[in-house]
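Chains A and B, in that order, give the protein sequences.
In my numbering, each number is its position in the first sequence, counted from 1, plus 21.
In my numbering, each number is its position in the second sequence, counted from 1, plus 4.
I should point out that these hints are in silico values taken from the structure, not numbers from a laboratory.
Straight-line C-alpha distance at most 20 Å; calculated SDA-like pairs for lysine to any residue:
#, chain 1, residue 1, chain 2, residue 2
1, B, LYS92, A, PHE283
2, B, LYS89, B, ASN191
3, A, LYS105, B, LEU284
4, A, LYS105, B, ILE290
5, B, LYS92, A, THR107
6, B, LYS89, A, LEU279
Computed spacing ranges between beta-carbons, pair by pair:
#, chain 1, residue 1, chain 2, residue 2, range
7, A, VAL261, B, LEU285, 47 to 55 Å
8, B, THR184, A, VAL261, 49 to 57 Å
9, B, ALA58, A, GLU269, 29 to 37 Å
10, B, ASN10, A, LEU98, 31 to 39 Å
So these bits of chain A aren't anywhere near chain B, every CB distance computed over 12 Å:
#, residue
11, ASP24
12, VAL32
13, ALA35
14, LEU87
15, TYR97
16, LYS173
17, LEU216
18, VAL288
19, VAL292
20, LEU295
21, ARG298
Glycine included, C-beta positions come from ideal geometry on N, C-alpha and C.
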Amino acid sequence: MIDWYAANSVVIQATMATLLLALSIQLPLRMGVFSFAGVGCFGIGGYTAAIAFTQFDMGTWPSVALGTVLAGVLCYLLGLIVHKLTGLYLGMATIAFTLIVAVVATNGGSMTGGASGIFGALGGITNLHVLILLAVVVVGLAVSEYGRFGRKIDTVREDPELAVALGINVARYRKMTFLASGLIGGLAGAVTTLLRSTITPAEINFHLVVVALTVIIIGGSSSWLGALIGAVVITWLPTVLSFVADWEPIIYGFVVALAAIFLPGGVLGLVKDLMRRRRSGSGTAPPASDAAVTSNDGPTAPEPSRTPVPSQGGAL
Amino acid sequence: MQELLNTLTLGSIYLLFALGMALAWSTIGILNFAHGAIFVFSAFSAHFISAYVALPMPAIILISVVVGATLSALTQWLAFEPILKRSKNHRSAELRILIGGIGVAAIPIALVDWATASAPFGFANSTYSTQVFEIAGLRVTNTSMIVIIVGLGIAVGLTLWLRRSRQGLGLRAIGVDSETASLMGVNRTAMAIGTMAIAGALAGLAGSLQVFQLQAMGVDTGDQLLIKAFAMIVLGGLGSMAGVILGAFVLAGAESLIFAMNMGTWVDAVSFGLIFLVLLLRPQGIFGRQEVRRT
Chain A
22 MIDWYAANSV
32 VIQATMATLL
42 LALSIQLPLR
52 MGVFSFAGVG
62 CFGIGGYTAA
72 IAFTQFDMGT
82 WPSVALGTVL
92 AGVLCYLLGL
102 IVHKLTGLYL
112 GMATIAFTLI
122 VAVVATNGGS
132 MTGGASGIFG
142 ALGGITNLHV
152 LILLAVVVVG
162 LAVSEYGRFG
172 RKIDTVREDP
182 ELAVALGINV
192 ARYRKMTFLA
202 SGLIGGLAGA
212 VTTLLRSTIT
222 PAEINFHLVV
232 VALTVIIIGG
242 SSSWLGALIG
252 AVVITWLPTV
262 LSFVADWEPI
272 IYGFVVALAA
282 IFLPGGVLGL
292 VKDLMRRRRS
302 GSGTAPPASD
312 AAVTSNDGPT
322 APEPSRTPVP
332 SQGGAL
Chain B
5 MQELLNTLTL
15 GSIYLLFALG
25 MALAWSTIGI
35 LNFAHGAIFV
45 FSAFSAHFIS
55 AYVALPMPAI
65 ILISVVVGAT
75 LSALTQWLAF
85 EPILKRSKNH
95 RSAELRILIG
105 GIGVAAIPIA
115 LVDWATASAP
125 FGFANSTYST
135 QVFEIAGLRV
145 TNTSMIVIIV
155 GLGIAVGLTL
165 WLRRSRQGLG
175 LRAIGVDSET
185 ASLMGVNRTA
195 MAIGTMAIAG
205 ALAGLAGSLQ
215 VFQLQAMGVD
225 TGDQLLIKAF
235 AMIVLGGLGS
245 MAGVILGAFV
255 LAGAESLIFA
265 MNMGTWVDAV
275 SFGLIFLVLL
285 LRPQGIFGRQ
295 EVRRT
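Make a model of the complete structure from these sequences and hints.
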């Protein structure tokens, strides 16, 4: 066990960092807010922590805290501006925000190190510290998935108009999701940067958005557990199968495209579906109330739709 | 004046790229995130073939256009149609099409990246050679003349086709209400694949012209251009072809201005900032109409 850990500690580290980043994108998605700002906050958190650590001689943890809080605040301000946008427009506005972070970092002069980034920001963070931080974040997210609060979030996502009618302050939920996403993204960036000791503007690009999205799509967007599955798959697959390492981008492209077409609930959605089908006997449709809560947009839910789209029963 | 000419050339390539995206998005409602990858891959295919045979310019452009159209139609047929069929509502379809497009885009980009070892590629082996003319004190290359004429010609032609022809009417009907349109006898699936083929052809055209104009293309050009094209479409207003034309030249002008002011590293911030400004101040764009929404 200890030998195994020593041999794989770098991969474990990468898994945890990827998971944190993915969670910062997943939370807004669970709320129906199509925001990629978490990736930009990864950059803000990382740069802030690195600057505080190298240029202002702050300790490791104050630097991380500063990066996290600053990213959260900036993301909340962004949310105040853009929370009324929906769908693709919001997605693109937040991608634009992420890329602006990279442009600013490139032009930051001696403060951000320009195009070559910041080096030598090696903080005293161990894998155990990351695990504890990750556990705190995951417990917080897990709480938000159950009970009254979890059902409220599901309603905000599935039917905002119904949520308003039920007395849920949808606008406030949307703004708060920006704050939470910024905090998680900033934490991910700060921790990752001080672990790896470098950050460059080239890291905060469209590709990072794609990686975070891939993790969620493979695992499933409805729960933190899905992000965990996705993060494990993404970081461990190349180490287990060596041919995957050579063809990594192509395989991920196929996997994401196939998941978007056939498995909108991800691996987690598939497992939940199978379990539900076994419980309810031989392939009958699951009870609608159960399906509406758990599956994000899985094809299993014959929802009482207002749009005249033919429902597809329990067929995958 | 020289700067104006350069802006016009740059804007024409932007225009060709954005027209295809705007056409598909405003009519069949598909924002194709693989559009940038199709742009790069079709130019690369032409580069790949022209490395073996010395080809003239029209042949290279033709290869690029055909590859672009094929790739785009395949994406629609194999990825977006199944997604539309399996989605229960518009919002989840939109999200899944975006993600599916990102996934599809990764495949050709990875292939090009692998084949070129991330180095820029060009049409070094083609029989086409750039000539420079002096017209009224302006330095004009034959390439930029071709680019400007093709860009504006196709933009005007596409706008007229969409407004005047029967297919254009059918396509716009899908954009307004796809169900009613299909009840009126518009074949939605065939129309959608055809539209995506046109969009892909335009991406291929833009790709090969860009390589002729700039001599080389990098693998990551597609992603940047995709976001720029989004900025142009949003600026003009979704659903307006005139808006795309305006948006392309405004963005090209703004970027040329930034370069002229010697602030080249900020050039990408122009399009990103533009997206922000337009979405905040006038979300429907300059020529767009306000949509009604409740929450």
